[in-house]
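Position 231 of the sequence shown, counting from 1, maps to 231 under full-length UniProt numbering, and the rest follow consecutively.
Do not take every clue at face value.
Pairs of lysine-lysine residues, derived as PhoX-like cross-links and limited to a Cα-Cα distance of at most 25 Å, are as follows [what the hints assert, rightly or not]:
1) K94 - K38
2) K120 - K144
3) K190 - K94
4) K185 - K151
5) K195 - K185
6) K195 - K151
7) K120 - K180
8) K180 - K152
9) K152 - K120
10) K99 - K195
11) K190 - K144
Derived from the structure by calculation, the hints contain no laboratory data.
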Amino acid sequence: MPIKAEVYQHISYIDRNEQLCKIFIGGITLNTTDDDLKEFYSQWGEITDVVVMRDPSTNRSRGFGFVTYADPEMVNAAMGARPHVIDGKEVEPKRAMPKDVMNRPEAHLSVKKLYVSGIKDDHTEEMLRDYFASFGNILEIEIKLDQVTGKKRGFAFVTFDDYDPVDRIVLERSHMINGKRCDVKKALSKEEMRKMQQQDMDRQHRDSRSRGMMRGGLDSDMMMPYGGGMAWGPSGMGGDYDQDYDDYRGGGWNQGGGSYYNRGGSPWNQGSSKCKLAT
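All chains should be built: construct the whole structure from the sequences, respecting the hints.
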């Protein structure tokens, strides 16, 4: 019997809320265990699942893991208490993104600038500030205008003082501002996009060589858990937007290969996730 549409919608609703409860922890030591992560992150709330990702053939840590809380507010509390130091090392916590978002080449990057599409003529800077201020401290808002006509071009940039508000906003996807839907993505300069695509090509080449040379040893994911040397940390962005930034209405967002999320299994689906549904 076919599943009714409302059942699909309910499943999607549950999946969405589970996404809001999960944190990715990068840069952990090779000796950090599931119990170590659970003990550390339990200080911000009830943990329903924890896993250190390991090489399937050697069982050695791949240098990152996931923690799932019972409620999204616990994630907010944990992310608001950074920096996190586990086993004497400062780790890199980020809100875990679902697989469809991780397919985007920019998904793993920590950036402070947000691209907002769907901007209409009646949208103002004050409206954007009022809406996005609930996510974090805003440094700058720029609604792009046509240089000839002075009319709005349909998109804007919002810059925060931290990368986590951008991750949170992207994770929640569409946003209603002044009664109109606006979509969001991480803002990357054209140069960053070019570098990222080149780094991904280099990573794929190294992965191919590593698989050919290694027999029963550590795989390339273990050696480079962050995707082949792509820069972590906030990206400094400057210059003129029209010259340095894509307007994101064309292609480019789905180009490039996968990241550590998509190699050697599917960490996003590891373990059980019992997250309180947001209301």
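Report task. Just pull the numbers of the violated hints for me, sorted ascending. Result -> 6
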